[in-house]
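K.L.:
Sequence:
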Amino acid sequence: MSDEVFSGNVYILIPAYLNKNAAFKQPLACEPHHKAFIDDLADKYNDEISSDVHKSLIRSYLGTFPLECFDDLESHFEQKCHQNAELFLSLHRKTGLAVITIRLFEKELPASQLLDRLSKGSLLFTNDCGEGVSIESLVAQWGVSVVTTSAKACLSTRQEIPQDVLPYYFANETYASKNMSAQITSKEFKHQMSTNVAQYDSSDIFVGKNSVIRIDRRNSEHEYPALASDGTFLFVLEALLYKEAAVVRTNKQVLIAIEQNDLLALEVLNKLTSEFSSTIPFWDIKIFNYLTAQQLANNLDERFGVNQHFELYEKNQQLLQYRINLKEGIEQEKKNNILYIIAVILFIFELAPHCYLLFTRILNGKWFSSVEFLSLIGAGISTALLAGLLVLFISYKQKKKNAKI
Numbered sequence: 100m101s102d103e104v105f106s107g108n109v110y111i112l113i114p115a116y117l118n119k120n121a122a123f124k125q126p127l128a129c130e131p132h133h134k135a136f137i138d139d140l141a142d143k144y145n146d147e148i149s150s151d152v153h154k155s156l157i158r159s160y161l162g163t164f165p166l167e168c169f170d171d172l173e174s175h176f177e178q179k180c181h182q183n184a185e186l187f188l189s190l191h192r193k194t195g196l197a198v199i200t201i202r203l204f205e206k207e208l209p210a211s212q213l214l215d216r217l218s219k220g221s222l223l224f225t226n227d228c229g230e231g232v233s234i235e236s237l238v239a240q241w242g243v244s245v246v247t248t249s250a251k252a253c254l255s256t257r258q259e260i261p262q263d264v265l266p267y268y269f270a271n272e273t274y275a276s277k278n279m280s281a282q283i284t285s286k287e288f289k290h291q292m293s294t295n296v297a298q299y300d301s302s303d304i305f306v307g308k309n310s311v312i313r314i315d316r317r318n319s320e321h322e323y324p325a326l327a328s329d330g331t332f333l334f335v336l337e338a339l340l341y342k343e344a345a346v347v348r349t350n351k352q353v354l355i356a357i358e359q360n361d362l363l364a365l366e367v368l369n370k371l372t373s374e375f376s377s378t379i380p381f382w383d384i385k386i387f388n389y390l391t392a393q394q395l396a397n398n399l400d401e402r403f404g405v406n407q408h409f410e411l412y413e414k415n416q417q418l419l420q421y422r423i424n425l426k427e428g429i430e431q432e433k434k435n436n437i438l439y440i441i442a443v444i445l446f447i448f449e450l451a452p453h454c455y456l457l458f459t460r461i462l463n464g465k466w467f468s469s470v471e472f473l474s475l476i477g478a479g480i481s482t483a484l485l486a487g488l489l490v491l492f493i494s495y496k497q498k499k500k501n502a503k504i
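Residue numbering for the sequence shown follows the working numbering, starting at 100 and increasing by one per position.
Derived by calculation from the structure, the hints in this document are not laboratory data.
From a predicted model like this one, the values you see are computed outputs, not experimental measurements.
There may be inaccurate statements among the hints.
[Stated by the list, open to error] Derived lysine to any residue pairs resembling SDA-like cross-links, with alpha carbons at most 20 Å apart: (1) Lys414 - Glu374; (2) Lys134 - Asp102; (3) Lys206 - Glu185; (4) Lys308 - Asn397; (5) Lys206 - Glu320; (6) Lys134 - Asn120; (7) Lys351 - Gly220; (8) Lys119 - Ile355; (9) Lys370 - Thr163; (10) Lys308 - Ile260; (11) Lys414 - Glu320; (12) Lys219 - Glu272; (13) Lys351 - Asn278; (14) Lys308 - Gln352; (15) Lys206 - Lys193; (16) Lys193 - Ile260; (17) Lys351 - Gly242; (18) Lys289 - Glu401; (19) Lys219 - Gly231; (20) Lys154 - Gln182; (21) Lys206 - Ser319; (22) Lys370 - Asn118; (23) Lys370 - Gln352; (24) Lys206 - Thr163; (25) Lys308 - Ala396; (26) Lys370 - Glu320.
[Unchecked claim] Pair by pair, the computed Cβ-Cβ distance ranges are: (27) Asn406 - Lys219: 20 to 28 Å; (28) Asn118 - Asp151: 44 to 52 Å; (29) Glu366 - Asp303: 45 to 53 Å.
Built from N, CA and C at the ideal position, the CB exists for glycine as well.
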C-alpha cells in the first residue's frame, strides 16, 4: 500500500441551529476570497431554489482556524498534519436552523485520517488563544449548537483516486491503518464506488452514508477544482442538511420532553409541532427549480438516510403523546377520587342531622310531623341529585379523556 495523499478541496458540512434566546452577532467583514464563496452559494440559492427560504438566509465567515487532519493513533509527531480551515455559517433567521461549513481549499492532506476524526466526532481546532477546542466549543461563542453525528464531507478533486483508497473515504476510516492490518472488502462500498449519481458530464459524483466524492471533469489548466464548479454541488448538499437539522433538532427536544415529567403537557407537544411545521419549506420535494438538481438531491437524500431521522421523530412524538395522555389520565383520576370523597362527605353531613332525629324519635316512640317528614324527603332528594350530578360530571370527564387517548 502506498501513502495516501488527497489533493483538492475538502468541505465538511454540519447541521446546526441557533440556541434559544441566543442573538447571533455578525462577525467582522471577511476578505474578498471568503466573500466570493459566500456570494457564490447565495447566487446558487437565488437561481436554483424555488421556495422563499433563501430570503431568510444570512451567510457569515466565522474565521480561519488550524485543524488537526491526522489520526492520533497512526501518525508520528513529525507526520502530524495541521491545515488552516475556514469556517462559514449559513443561518435561516425565521427558524433558527443553520449549517456550518468547514472549508479546506486547495490542500494536500491524508483525507482518510480527517474523515476518521470526523466519524468519531473528534475534530480539533486551535482557537485564537492557542487552545485545542472541539467544533462544539468553537461555534458556541456565536450561540450555535452543531449535530456532529450528522456531519457530511465532500471531497472534490481533479485527480483520480486510487481504487484501494476509495473504500476508506466512504467508510470514514484511516487508510492502511496499523491497528486494523486489513483491507476493506465490503460489497456495499464497492457498489458506492461504481454508482455515479452526477447529472452532467462535467463531474463524477459518488455518494456514501456520510461522504461524497466529486471528481471534476471540466477542461481546465488548474490543479484544483474551481470555486464555481464546487458551488454547483455544494448548494444542494447544504439544502439537504437544513432538512436534517430541522428533524434532528425537534427530535432532540421531543426526547427531552419525554424524559422530563414537568414537560409532559399538550402545550409542549403543540409548541414542538408548530416549530417543526415552520421548517416544512425545507421538506418540499419541489424546492429545486431544475429536475437535474432535484434528482441529485433525491439520490443524496436516499444515501444519507435523512428519512430515517423523520421516522424516529414520528415514533418519539407518538411516545410523547402517549406519556402526556397517561399523565393527564392519572391526574384526572386523582381529581375524580377527590370529587367522590366530596360527594360522600356532603351526603353524610346533609343527612346526618335527619338520621339523628329519626333515631331519637324511634327511641321515644314518636313519629315525624308532616313538615319534618317533607323536610327529610327534600334533603334526601337534593343530596341525591347533587351527588348524582357529581357522578355524571366525573363520568363525562373520564369518557372525554378516554376519547382523546
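K.L.:
Holds or violated: lysine 154 with glutamine 182, Cα cutoff 20 Å?
P.N.:
Answer violated: lysine 154 to glutamine 182 is near 34 Å, above 20 Å.
K.L.:
Quickly compare the C-alpha distance for lysine 308 and isoleucine 260 to 20 Å and report which way the hint goes.
P.N.:
holds (18 Å)
K.L.:
Quick one, are lysine 308 and glutamine 352 close enough, alpha carbons at most 20 Å?
P.N.:
Answer violated: lysine 308 to glutamine 352 is near 25 Å, above 20 Å.
K.L.:
Mind checking the alpha carbons of lysine 219 and glycine 231 for me, to see if they're no more than 20 Å apart?
P.N.:
Distance of about 16 Å is within 20 Å: holds.
K.L.:
Holds or violated: lysine 370 and threonine 163, Cα atoms, limit 20 Å.
P.N.:
violated (37 Å)
K.L.:
Holds or violated: lysine 289 and glutamate 401, Cα atoms, limit 20 Å.
P.N.:
holds (17 Å)
K.L.:
For lysine 193 and isoleucine 260, compute the direct alpha-carbon distance and say whether it is at most 20 Å.
P.N.:
At roughly 41 Å apart (the allowed maximum being 20 Å), isoleucine 260 and lysine 193 break the hint.
K.L.:
Check whether the Cα positions of lysine 351 and glycine 220 lie no farther apart than 20 Å.
P.N.:
Satisfied, since the Cα-Cα distance of roughly 18 Å is no more than 20 Å.
K.L.:
Straight-line Cα separation of lysine 134 and asparagine 120 no greater than 20 Å?
P.N.:
Violated. Lysine 134 to asparagine 120 sits at ~28 Å, over the 20 Å cutoff.
K.L.:
Within a Cα-Cα threshold of 20 Å, do lysine 370 and glutamate 320 meet the stated pairing?
P.N.:
Given that 20 Å is the threshold and the Cα spacing comes to 54 Å, the pair is violated.
K.L.:
Given the hint that lysine 414 pairs with glutamate 374, does the C-alpha gap stay at or below 20 Å?
P.N.:
holds (17 Å)
K.L.:
A range of 45 to 53 Å was offered for this pair. Does it hold for the Cβ distance of glutamate 366 and aspartate 303?
P.N.:
Roughly 51 Å apart at Cβ, these two residues keep to the hinted range, so it holds.
Going through the hint list in order, the structure does not satisfy hints 2, 6, 9, 11, 13, 14, 15, 16, 20, 26, 28.
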